[in-house]
Amino acid sequence: TLILSVGAPSSPFISNFVMYDFDKSLDDWCRNNGITYSRYADDITFSTNIKDILCRVPKVVKKMLSLHVPGLSINESKTIFTSMAHNRHVTGVTLTPQGNLSIGRDRKRMLSAKIHKYSLGLLSSEEINKTKGMIAFANYLEGDFLLRLQKKYGCELITKFLMEGNK
Numbered sequence: 001t002l003i004l005s006v007g008a009p010s011s012p013f014i015s016n017f018v019m020y021d022f023d024k025s026l027d028d029w030c031r032n033n034g035i036t037y038s039r040y041a042d043d044i045t046f047s048t049n050i051k052d053i054l055c056r057v058p059k060v061v062k063k064m065l066s067l068h069v070p071g072l073s074i075n076e077s078k079t080i081f082t083s084m085a086h087n088r089h090v091t092g093v094t095l096t097p098q099g100n101l102s103i104g105r106d107r108k109r110m111l112s113a114k115i116h117k118y119s120l121g122l123l124s125s126e127e128i129n130k131t132k133g134m135i136a137f138a139n140y141l142e143g144d145f146l147l148r149l150q151k152k153y154g155c156e157l158i159t160k161f162l163m164e165g166n167k
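Numbering (full-length UniProt numbering), first residue to last: 1 to 167.
Treat the hints with care, since some could be wrong.
Stated by the list, open to error - Here are the simulated lysine to any residue pairs, SDA-like style, with alpha carbons at most 25 Å apart:
1. Lys130 to Arg107
2. Lys108 to Tyr118
3. Lys117 to Leu146
4. Lys114 to Tyr153
5. Lys24 to Leu67
6. Lys62 to Trp29
7. Lys114 to Leu141
8. Lys151 to Asn100
9. Lys78 to Val93
10. Lys114 to Ile135
11. Lys152 to Asn100
12. Lys24 to Cys55
13. Lys160 to Gly121
Please keep in mind that the hints were generated in silico from the structure rather than gathered at the bench.
Please work from the sequences and hints to get the whole structure.
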């Protein structure tokens with residue numbers, strides 16, 4: 001059995017090479033049926049404005065996988081159908097009913113808790129660096145996220161936190 005090493009620099013290239021015929025066939029089918037298709041590593045996302053057409057997708061995906069990449073299968077427990085009425089989560093990002101990108105409520109609470117721990121001197125340098133990266137990502141998705149943290153914890157603490165470890 002061959003296993004693709006997750007995180008290796010060559011992994012995206014290899015997975016795209018292996019999945020090329022599958023991607024091409026599925027993309028053609030989706031375009032012909034008014035569906036937008038994208039794949040990031042092993043996450044596949046479909047979207048459309050056509051009512052009830054997405055229920056056909058799992059059968060088509062299974063057929064194309066068996067044709068182009070035998071041995072690869074769908075993890076049924078990770079298959080999710082959702083609509084505009086609910087928050088949609090794709091590759092760690094939440095798409096709100098208003099069409100905005102978000103890191104989601106749970107991650108926001110977790111980041112706020114990390115800042116609180118930092119204010120008490122209870123955050124390790126490793127946690128600080130990881131949290132700084134997550135805050136940068138959150139602020140990229142939601143431009144006012146940093147402002148909300150500053151409002152809650154004060155500009156001085158947030159600035160000190162963001163400068164932590166910089167020389």
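Structure-based check of each hint:
Of the supplied pair hints, the one linking lysine 130 and arginine 107 holds, its CA atoms being roughly 13 Å apart against a limit of 25 Å. Of the pairs offered as hints, the one joining lysine 108 and tyrosine 118 holds, with about 15 Å between alpha carbons and a cut-off of 25 Å not exceeded. A distance of roughly 17 Å separates the Cα atoms of lysine 117 and leucine 146; the hinted pair therefore holds under the 25 Å criterion. Proposed proximity of lysine 114 and tyrosine 153 is supported: the alpha carbons are some 12 Å apart, at most 25 Å.
Straight-line distance between C-alpha atoms of lysine 24 and leucine 67 comes to about 12 Å, which keeps the hinted pair within the 25 Å bound. Between the alpha carbons of lysine 62 and tryptophan 29 the distance comes to roughly 13 Å, so the proposed pair stays at or under 25 Å and holds. With a CA separation close to 19 Å, the supplied pair lysine 114 and leucine 141 stays within the 25 Å bound. For the hint linking lysine 151 to asparagine 100, the alpha-carbon distance of about 22 Å falls within 25 Å, and the restraint holds.
Restraint check for lysine 78 and valine 93: satisfied, since their Cα atoms lie roughly 16 Å apart, inside the 25 Å limit. For the proposed pair lysine 114 and isoleucine 135, the alpha carbon gap of about 10 Å is at most 25 Å, so the pair holds. Only pairs whose Cα atoms come within 25 Å are accepted, and lysine 152 paired with asparagine 100 is accepted, the gap being roughly 23 Å. For the hint linking lysine 24 to cysteine 55, the alpha-carbon distance of about 20 Å falls within 25 Å, and the restraint holds.
Our distance criterion of 25 Å between C-alpha atoms is met by lysine 160 and glycine 121, whose separation comes to about 12 Å.
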